[in-house]
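Enquirer: If you count the sequence shown from 1, you need to add 93 to reach my numbering.
This list has only true hints and no planted wrong ones.
Pairs of lysine-lysine, DSSO-like flavour, derived with a Cα cap of 30 Å:
#1 Lys122 x Lys133
#2 Lys145 x Lys133
#3 Lys207 x Lys189
#4 Lys106 x Lys145
#5 Lys189 x Lys145
#6 Lys189 x Lys133
#7 Lys189 x Lys106
Rather than coming from a laboratory, the hints here were simulated on the basis of the structure.
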Amino acid sequence: MGNLPPERITQAKPFEHTGVDYRGPLLMKEKKHRNCNKVKVWISIFVCFTTKAVHIEIVDDSSTDQFLAAFSRFISRHPACNSMYSDNGTNYVGAKNELTELFNLVQTDEHNEKIQRT
Numbered sequence: 094m095g096n097l098p099p100e101r102i103t104q105a106k107p108f109e110h111t112g113v114d115y116r117g118p119l120l121m122k123e124k125k126h127r128n129c130n131k132v133k134v135w136i137s138i139f140v141c142f143t144t145k146a147v148h149i150e151i152v153d154d155s156s157t158d159q160f161l162a163a164f165s166r167f168i169s170r171h172p173a174c175n176s177m178y179s180d181n182g183t184n185y186v187g188a189k190n191e192l193t194e195l196f197n198l199v200q201t202d203e204h205n206e207k208i209q210r211t
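Using the sequences plus the hints, can you model the full thing?
Expert: Here is the structure:
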């Protein structure tokens, strides 16, 4: 068996180093009534590498936008997240590209000048 990554064996705050994956599709009732429609949902599972604590978010589909919404809710509850690990799913790669583009936009001098003027 190979060595564990340093994130798994060093002391850290809960959810400082996190892994994420999707599970689904699952069928879920829209309401608690007997004869209601069932809809497809996916579950976004965030797992802390240090404590193995789990944070679960329900999403409507496996798109990049839905993952970014779930990620935003996760970060608002666990702001100490420093690193996020996932597989190379298209939704994760798309989210990485969108977040990198946003980060690069915020770092430009032109954008900072516009913020200072307002």
